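Participant: Given next are the chains, with one letter for each unit.
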Amino acid sequence: MYKDVIIPDVDEFKHEGGEHEYIDDLEQLSEEDRQQMILAGIDVKEEQRSGTYIQEDQSVVHCKAKQEGVEVMDVRTALEKHEWLKDYMWSGVNPEADEYTKKAYEKPHYGYFIRVLPGVKTTYPVQACLYLETDNLSQNVHNIIIAEEDSELHIITGCATKPHLQSGLHIGISEFFVKKGAKLSFTMIHNWAEGVYVRPRSVAMVEEDGLFVNNYISLRNVKSLQMYPTTHLNGPNAIARYNSILVAPEGSHMDVGGRVILKREGCRAEIVARTLSTGGKIIARGHLVGEVPGIKAHLECKGLILGDGLIHAIPELEGKAPDLEMSHEAAVGRIGQEEIEYLMARGLSEDEATSVIVRGFLNVDIKGLPEQLQREIDRAIEQGEGKFF
Amino acid sequence: MLEIVDLKVEVEGKIILEHIDLEVPEGKTYILFGPNGSGKTSLLRTIMGFSGYNVVEGKIYFKGKDITDLPINERARMGIGMSFQHPPAIDGIKVKDLLKICGAKDEEIPELARKVNFEHFLDRDVNVGFSGGEIKRSEILQLMAQQPDLLLIDEPESGVDLENIPLIGRVLNFLLKGINGNGKKYCLREEREARKRSGLIITHTGYILDYVDADLATVLFHGRIACSGNPRELLKGISEHGYEECVKCIRM
Ligand SMILES: Nc1ncnc2c1ncn2[C@@H]1O[C@H](COP(=O)(O)OP(=O)(O)OP(=O)(O)O)[C@@H](O)[C@H]1O
Ligand SMILES: [Mg+2]
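Each protein sequence line maps, in turn, to chains F and R. Using this note's numbering, read the first sequence as starting at 22 and increasing by one per residue. Using this note's numbering, read the second sequence as starting at 4 and increasing by one per residue.
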């Protein structure tokens, strides 16, 4: 299934070592680490955040919750505190799914636990950062995110590496639980490095009237990224929305998609992907499964190729009942000459026109996202932009 | 302002314009008539410098400079502005962003937009889902931001409803006269003095003649200039006898 993507051998990486000391204040971070984290959307002053979790390599270096009713812990501490949590662990993801998942099961290195209590709404997003510092190391995390009934939780996670990191592997198991009437938005900004292999494995369970918004932004080089987050809409009227913005520079391989399974009446799903290849290879998948009548689902995948890139869009719709509404829209191509010349007639040079069109292409307005997070995404795009050409 | 000398243009291996000689002096507005497919839009696009319109013979001069081989943006910067008949849609770029690209300042955008009833479209993506009449207004608005010295206008009134035709007509008139149209009354002499801009306007209906002072009309027929003359007289001749007859009559 993932044959087009470089497959790293998990055992080539170290699964021990890479320990770092806990810090009480993010001001204690080194300047270069701080800059890398800021680029990945982390607010190092923590003023506009309801909580923070920072993990460097295999160590938790900072962790706190700043709002009543919000829990932020490393997953080991959380397991000690909450007897019931063991029933959530591995309830969505199968440890045997592949060798990476298996490694994370056998050799886990923490990961975060973020939970909001019933009825609680986060004033600010909770932030998490998974940071790779040591060469040739594998970081195997397991994250659990729970939005209890009628709660509202916004999370921004930034993943980044120390500058000039040669090689590394990140395995991230994430299990999301969106309870009845809860809203969860998860915005992931990845700033990996040229030699890094990335294997997120996530599954979300959404109950009645729940909303899960999953945003994924990756604008930098990455050796090989492969993921297929799956959402199960288990309760009536549950909603899932995926938005991804991916840029693959030369040398990057990405096999990215999303799957939503709509299991009850009134469920809705939308997958929107904007992919840009400036020389790299992108496989953009999307899979919607409608199991009952009356569901609605739409998949939109647009790809833009600049230079000698490759984009392979694979949208799939699977309807298993009558009276359902499922559709997709896929388009891959270069920027139209007509569009470039239109902007040139307004005074822009060809390069400027191209850059404006690319920015527009990547500019997805994400419904239900706090303005602050939308700004974070816009900023990431703006900063990445100079590097697209 | 604009001088076209013995122009011959090829598109996809086909000659679509031939023996075109046309001079639009400073401060003058010319009208282009011609049946569908006669080459009117192609002429404007060639003047603007669009790819695909290959000049195989002849020259185009603007403000005394040979621009035949200049890129589009340099022509725009020299002061040529064009409104498009079928502009492309651009996802993710808002009308107000485009107006800034055209040269409008942030603070003047709402006021400019109000003049063409377009203030509710500033946050829409450029041309995405615009109706025919909305496209016209959006194109004129961009030119208002651009303030070019030579206006190339492709069918400003087609597809525009009866209420918006006077509006577009008046705004175009202001544009041609280099007046911002902020409600201030100008006396005739002032108007004449302000008028340094030139225009080349394509129209089928001639409604636009009620709003702008056109100095001359030229008829394109099968890629050639068939005749020139007084805009209203030519329009009358064409509407009474049709292009075929009209062109024949003048040739005799
Ligand atoms: N890009 C192109 N590719 C192929 N043919 C073209 C292209 N542009 C113009 N033509 C052809 O050139 C001829 C002139 O077209 P043009 O659009 O200039 O006509 P027009 O006078 O503006 O017509 P209308 O009144 O319908 O707008 C037509 O036969 C048209 O099909
Ligand atoms: Mg035309």
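Read the hints as simulated data drawn from the structure, not as lab findings. Quick caveat: nothing in here was measured; it's all calculated off a predicted structure. Certain hints may be false.
As the list claims (entries may be wrong) - Covered stretches of chain R (chain F as the covering partner; in silico rule of three or more C-beta atoms under 8 Å from a C-beta of chain F):
{"hint": "1", "stretch": "102-112"}
{"hint": "2", "stretch": "116-125"}
{"hint": "3", "stretch": "202-215"}
Unchecked claim - Think about it this way: if two alpha-carbon atoms lie no more than 35 Å apart in a straight line, the pair counts; the simulated DSBU-like pairs of lysine-lysine are:
{"hint": "4", "chain 1": "F", "residue 1": "Lys317", "chain 2": "R", "residue 2": "Lys97"}
{"hint": "5", "chain 1": "F", "residue 1": "Lys204", "chain 2": "F", "residue 2": "Lys107"}
{"hint": "6", "chain 1": "R", "residue 1": "Lys199", "chain 2": "R", "residue 2": "Lys68"}
{"hint": "7", "chain 1": "R", "residue 1": "Lys31", "chain 2": "F", "residue 2": "Lys142"}
{"hint": "8", "chain 1": "F", "residue 1": "Lys317", "chain 2": "F", "residue 2": "Lys204"}
{"hint": "9", "chain 1": "F", "residue 1": "Lys244", "chain 2": "F", "residue 2": "Lys201"}
{"hint": "10", "chain 1": "R", "residue 1": "Lys99", "chain 2": "R", "residue 2": "Lys118"}
{"hint": "11", "chain 1": "F", "residue 1": "Lys35", "chain 2": "F", "residue 2": "Lys107"}
{"hint": "12", "chain 1": "R", "residue 1": "Lys108", "chain 2": "R", "residue 2": "Lys66"}
{"hint": "13", "chain 1": "F", "residue 1": "Lys107", "chain 2": "F", "residue 2": "Lys66"}
{"hint": "14", "chain 1": "R", "residue 1": "Lys99", "chain 2": "F", "residue 2": "Lys204"}
{"hint": "15", "chain 1": "F", "residue 1": "Lys317", "chain 2": "R", "residue 2": "Lys99"}
{"hint": "16", "chain 1": "R", "residue 1": "Lys97", "chain 2": "F", "residue 2": "Lys204"}
{"hint": "17", "chain 1": "R", "residue 1": "Lys118", "chain 2": "R", "residue 2": "Lys17"}
{"hint": "18", "chain 1": "R", "residue 1": "Lys66", "chain 2": "F", "residue 2": "Lys66"}
{"hint": "19", "chain 1": "F", "residue 1": "Lys302", "chain 2": "R", "residue 2": "Lys97"}
{"hint": "20", "chain 1": "F", "residue 1": "Lys284", "chain 2": "F", "residue 2": "Lys107"}
{"hint": "21", "chain 1": "R", "residue 1": "Lys199", "chain 2": "R", "residue 2": "Lys11"}
{"hint": "22", "chain 1": "F", "residue 1": "Lys85", "chain 2": "F", "residue 2": "Lys123"}
{"hint": "23", "chain 1": "F", "residue 1": "Lys302", "chain 2": "F", "residue 2": "Lys107"}
{"hint": "24", "chain 1": "F", "residue 1": "Lys183", "chain 2": "F", "residue 2": "Lys123"}
{"hint": "25", "chain 1": "F", "residue 1": "Lys201", "chain 2": "F", "residue 2": "Lys183"}
{"hint": "26", "chain 1": "R", "residue 1": "Lys99", "chain 2": "F", "residue 2": "Lys66"}
{"hint": "27", "chain 1": "F", "residue 1": "Lys128", "chain 2": "F", "residue 2": "Lys201"}
All residues carry an ideal CB built from backbone N, CA and C; glycine is no exception.
Participant: Each of the hints needs a verdict: does it hold here or not?
Facilitator: A quick look at each hint next to the structure:
1. 102-112: holds (count 3)
2. 116-125: violated (count 0)
3. 202-215: violated (count 0)
4. Lys317(F) x Lys97(R): 29 Å, holds
5. Lys204(F) x Lys107(F): Between Lys204(F) and Lys107(F) the Cα gap is close to 23 Å, so the pair holds against 35 Å.
6. Lys199(R) x Lys68(R): 18 Å, holds
7. Lys31(R) x Lys142(F): Not OK: Lys31(R) and Lys142(F) at ~65 Å, beyond 35 Å, violated.
8. Lys317(F) x Lys204(F): 19 Å, holds
9. Lys244(F) x Lys201(F): 39 Å, violated
10. Lys99(R) x Lys118(R): 14 Å, holds
11. Lys35(F) x Lys107(F): 27 Å, holds
12. Lys108(R) x Lys66(R): Holds. Lys108(R) to Lys66(R) sits at ~27 Å (cutoff 35 Å).
13. Lys107(F) x Lys66(F): 33 Å, holds
14. Lys99(R) x Lys204(F): 33 Å, holds
15. Lys317(F) x Lys99(R): Status holds; Cα separation ~34 Å.
16. Lys97(R) x Lys204(F): Holds, at about 29 Å.
17. Lys118(R) x Lys17(R): Distance of about 41 Å is beyond 35 Å: violated.
18. Lys66(R) x Lys66(F): 57 Å, violated
19. Lys302(F) x Lys97(R): 30 Å, holds
20. Lys284(F) x Lys107(F): 25 Å, holds
21. Lys199(R) x Lys11(R): Given that 35 Å is the threshold and the Cα spacing comes to 29 Å, the pair holds.
22. Lys85(F) x Lys123(F): 29 Å, holds
23. Lys302(F) x Lys107(F): 39 Å, violated
24. Lys183(F) x Lys123(F): Since the Cα atoms of Lys183(F) and Lys123(F) sit roughly 26 Å apart, the hinted pair holds (cutoff 35 Å).
25. Lys201(F) x Lys183(F): 40 Å, violated
26. Lys99(R) x Lys66(F): Since the Cα atoms of Lys99(R) and Lys66(F) sit roughly 34 Å apart, the hinted pair holds (cutoff 35 Å).
27. Lys128(F) x Lys201(F): 33 Å, holds
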